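Here the protein sequences come in this chain order: A and G.
Under numbering that gives the first Met the number 0, the residue at position 682 of the first sequence is numbered 681, and the numbers go up by one with no gaps.
Under numbering that gives the first Met the number 0, the residue at position 456 of the second sequence is numbered 455, and the numbers go up by one with no gaps.
Hints in this document: simulated from the structure, not taken from any laboratory.
Everything numeric in this text was worked out from a predicted model, so none of it was measured.
Backbone N, C-alpha and C define an ideal beta-carbon position, used for all residues, glycine too.
Honestly, I wouldn't trust all of these hints.
Pairwise CB distance ranges, derived in the manner of DEER restraints [said to hold, decoys possible]:
(1) G/T125 / A/L365: 45 to 55 Å
(2) A/R149 / G/T571: 47 to 57 Å
(3) G/L322 / A/G408: 28 to 38 Å
(4) A/E629 / G/L322: 44 to 54 Å
(5) A/N92 / G/L596: 44 to 54 Å
(6) G/L596 / A/L365: 37 to 47 Å
(7) A/G489 / G/L365: 58 to 68 Å
(8) A/L365 / G/D676: 47 to 57 Å
(9) A/R149 / G/A581: 50 to 60 Å
(10) A/K578 / G/T342: 52 to 62 Å
(11) A/K654 / G/Q362: 12 to 22 Å
(12) G/F477 / A/E294: 25 to 35 Å
(13) G/S465 / A/D399: 54 to 64 Å
Protein chains: 2
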Amino acid sequence: MRRIPILLILTASVASADEGMWTPDNFPSDMVKEKYDVEIDQAWLDHARLSTVRLSTPSGGCTGSFVSPNGLILTNRHCVDACVSEHTSEEYNAWQEGFYAKHPGEELRCSATHVEYLHDLEDVTTTVHEAARGLGEIEANKVRKQTLTRLEQDCEEAAQGALKCEVVALYNGGQYFLYAYKRHDDIRLVFSPDIEIGEFGGDPDNFSFPRWTLDMSFLRAYDKGQPIASPSHLRWRAAGADLGEAVFITGHPGSTQRQLTVAQYEFLRNVTLPNWLLRYVELRGRYRQFASQDEEAYRIVQDKLKLIENSIKVRRNELHALLDDDQMERKKRQEAELREAVTSDSELASTVYAWHQIETAQQAYLTFLEPYILVEGRGGLQGRLLGFGRILVRAAEERDKPNGKRLRGYTESSLPGLEQFVLSGAPVHARVEELEIAFGLEKLQEWLGHDDPLVRKTLGNESPRSMAARLVRDTGLFDPEVRRKLWDGGSKAIRKSKDPVIRLMRALEADSRALLERYQDEYQAPIAEAQERLAAARFAVHGTSVYPDATFTFRISYGDVRGWEENGKNVTPFTTLGKAFARATGELPFALSQKWLDAMPKLEMDTRFNYVSTLDITGGNSGSPVIDAEGNVVGLAFDGNRHSISGSYWYDIDKNRAIAVHPAIMLEALEKVYGADRILAELEFADRTD
Amino acid sequence: MRRIPILLILTASVASADEGMWTPDNFPSDMVKEKYDVEIDQAWLDHARLSTVRLSTPSGGCTGSFVSPNGLILTNRHCVDACVSEHTSEEYNAWQEGFYAKHPGEELRCSATHVEYLHDLEDVTTTVHEAARGLGEIEANKVRKQTLTRLEQDCEEAAQGALKCEVVALYNGGQYFLYAYKRHDDIRLVFSPDIEIGEFGGDPDNFSFPRWTLDMSFLRAYDKGQPIASPSHLRWRAAGADLGEAVFITGHPGSTQRQLTVAQYEFLRNVTLPNWLLRYVELRGRYRQFASQDEEAYRIVQDKLKLIENSIKVRRNELHALLDDDQMERKKRQEAELREAVTSDSELASTVYAWHQIETAQQAYLTFLEPYILVEGRGGLQGRLLGFGRILVRAAEERDKPNGKRLRGYTESSLPGLEQFVLSGAPVHARVEELEIAFGLEKLQEWLGHDDPLVRKTLGNESPRSMAARLVRDTGLFDPEVRRKLWDGGSKAIRKSKDPVIRLMRALEADSRALLERYQDEYQAPIAEAQERLAAARFAVHGTSVYPDATFTFRISYGDVRGWEENGKNVTPFTTLGKAFARATGELPFALSQKWLDAMPKLEMDTRFNYVSTLDITGGNSGSPVIDAEGNVVGLAFDGNRHSISGSYWYDIDKNRAIAVHPAIMLEALEKVYGADRILAELEFADRTD
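Isolated chain A (complex conformation) (with noise of 0.2 Å):
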């Protein structure tokens, strides 16, 4: 570490307390010792990262965790969304009624989703920071590139195919990493309850509490047709943590920006941000407008609108707390600190170029930034059937080529998850499609203007709705025997291809990887190399007492069961049953289903329900274990407040909170509600008494 300049007090930057989502090589045991008095081990760690999974569906990605010896998994309803959607039908409504496989064999395929958990890791930095050493950013981006897929190969190598290997970037560049996970594809359907108290409250309580959702589901792994074995597990603790007592979380949070330049807030504040807004919105609307159609798009367009509109809520939030001028102007003395520091030391004084660099790549950026995300980014190529043609169009170029010289979401490492996503038996939904293709094309010739030579490419003399209606009903890819066939014909059949889905997307191919060229070279290669630098810049004046930004990899947290002041009044920190049942006017979402009235006379009215700590978690740790000191669940969590959604850019221990749900409430709704045996049973739950 270098020399400190002992005059600037550096704090800010610093974590503070409760703040951080820590990897598992760098968890401060000291600092929760210092305020708990609770010792954090070594083997506490690797017990809590061993039960926890990352779990990848294809409404994003979330987190689960071993509750029993035999793979079973806890994690949120919201979670198995597409997995019930896919098994929702006009004959049975899982979505709605939910599900329970009373017997071992009854438990359903979740065919495009699948877990894995952090077996190894290791420290990879010196390696990909010598192999770009001394060249120029935009070869530089390149040979990193490399040195990771060939890292992630010798790694799989290694493994004889057992294990899945990914290097991840930390400290925006600062370390590198490679992480071996142990993978699981055949993910089943144990339990989710029925949606009225799966989603107890919607899209209206969504990110705010007091709340009563019993956001919950049991999953399982399994392994050639078996159940596989998952001896690290947590126990639960059926009573739950107590009012200021600490716990931690595990899980995989999916990003957060916190070491950003203020150039990079900004340009999120005035660009990123209110374009994503202004295009997702209205798609929100065209999705509420469909699900009040008639009975069949409602069903099939629900997974869809409870994804777009949380994402909506977080960037909406997002957008809110970038534009707290306060904040900003603590970020730029944060960043006027730093600047001050790497100045002052001879040996950092050439990273202050590194905030001007930013700055110009970003310009760059702009010049394309559209196009680039409405074509390469398919902003303006919406829907699965899309997504299957870019993905079977790119990769039958990029499988003939060696590994080290594909693109990266198409190395070895990367194909079983595309081949999964593509061949998966999912239902595609046309009317659903056709939506989501018209609203796509409509934004490109909105956004690019009619007379844009990537619009005219594309639209021809068709309107977006004639052109949508026509690839919808002309295309095969509904069919994932004629996707499997073009995955496996590889770059051959692809150019044979009649298909109007793969005519278009092979049209726009160039253009589009032309569009993503620039965008490494012009802009991801001078953000790497600058950041790269900041990051050692920051270790070198605050070493690791700060925790990466989140990356979608296995991350702890720690803090402890809390509530917060709002407008001057306490919230206080637990729900109890009673008062949802006071809370329900009977009409969806704030309505209870008839199992749930019919078991009211059985049910404790002053059992917890859901209740807030300090934990800093985002999105990705849906679905989390709280975990208490002893490592016992203590609590599910699945959402956090408003003012959490701020936790993108910084945390606030007065404000921030994450969301749980209760294990006594989970509990009591498997016995008296779903009469859920088998379940309590493989939690050791069989005759409770707690």
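Fit chain G to the known structure of chain A by using the hints.
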């Protein structure tokens, strides 16, 4: 005028060349003479004023001009949308096919449209300022409004009902003028083109140039069943104006905000614009999806969709403008200069508190802004039915009070407009109403939260969607006769009504008025007082070398025909007909109708179509005549380029352009496509040779 501190250079706040929407009493003829060497005298100004009408329609305000002695009015196609919708049915699709009244008796009544022109004007600043002098800001706000009502009432009584009087606050209350209007309520549709050419390019082309849109229509004002006499009217110059020629525009521009404080701009950027966009972009999505459901849905939602898409484009670009840090810096410098000027002048020194007062009022407003906008502002109570309900309930209560004690929108002077709106026979479409009411109630629930007392009072145990369905099913307010009875029956009829819409609006009335009162007392009053002081300071420093912000009242701008530079390329100022044919794809909004395709052999392909000029305009100028120095029509304004939208906050002669329809294409179309001989004769182009 006060002493000006000599050392300050204050040019930045004064109008630059071609900038400004000038009042008729303060038109800068000297500047025009100096730059363009043309004389604009009082007779020219009076004639232009008396020939220009303000057009009020259910979809907003526009401008028109008399172009014959028989009350013929030229305006935009998009300004008669509501009237065209009114006459579109399953039998005749006037929206699609356009309309031409071959015979005088065929002209179609536009039931909720009226026009008025500015007959007289009188400076009443002293009266208004004196009335409120020495009072606290809340009391001053009340007395000021009472004074305006009294001035209007006296004016209307003096005119014995022949004029409609309105006091307008200019320079944010720095000046008050009493404007007396001649009003005509019986307005009929004479001509509008088919949708293909009338909206060629549609939303994708809106606010862009080059352009090929025949956005024209003709109306006629009637009195007692006969066309009115319009001795003041404009003649046409078929050849239009030349490149670089001085042109003028008269009209009723709606609203600009060029004289706000920096805190007010930040409020717009951080609160007003994002919140509006987040709601209405979603509504746009609902309309779009609704339009795709079936032909009827498409037809009945078109006018709403157009209006909202236009508003979204405006606000999206306004937000973009306010996110331009360079422009904000310029505003900050101007504000700092004014602040320095006032602090160095003992008579103005107390003005320095005005800035703080505005910020304090904004902070106060933030605490109730959302319920105010959603309930009193009807953001959560959408649709015409709830609009009728609000006006009926409120008018009943207000009409029981003496005129001087009423809310400003319910004085005797305002009643004819309210009555025309409420009793209009224009169709109210149940399906659109249900969509809008459900949308509004969902936003009410989403933004205020399910547990908010106002949300509870509104929704009870219903969901937004069930409540919307019930209101639409059970209300009688679709029938104008039912509305007439409630209007005529006054407060007694309202109290006794069991209509569910009336009941809802009645139940919310007290809360809604309380919000209005808070808005007036805690926000409007202190802001008005502060702005008046700032206006006085600006007058002291700049005199009337500045123009007031647009207020939907009569203004004149000047400029010249000129292109601009975009990304290093020159945009030429004229388009010609041939390119419209070349650009047509055959699919809306880039299709040409059969009428045009049939007429193609007869048409002159080099006919000038649309063109741009430096004229400073804004929304409300739609339909404004572009006039040459001789007072002839040389164009019909219908849009601005994208840059012109930042004209809400500042004018930039290098970028801002007004877009107009060229007279040559209008005459070509009337003669060769529509065979509108009767109109050509009336315009004195019966035998065109030019």
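- Would you pick out the hints that fail for this structure and give their numbers low to high? Violated hints: none at all, because every hint is consistent with the structure.
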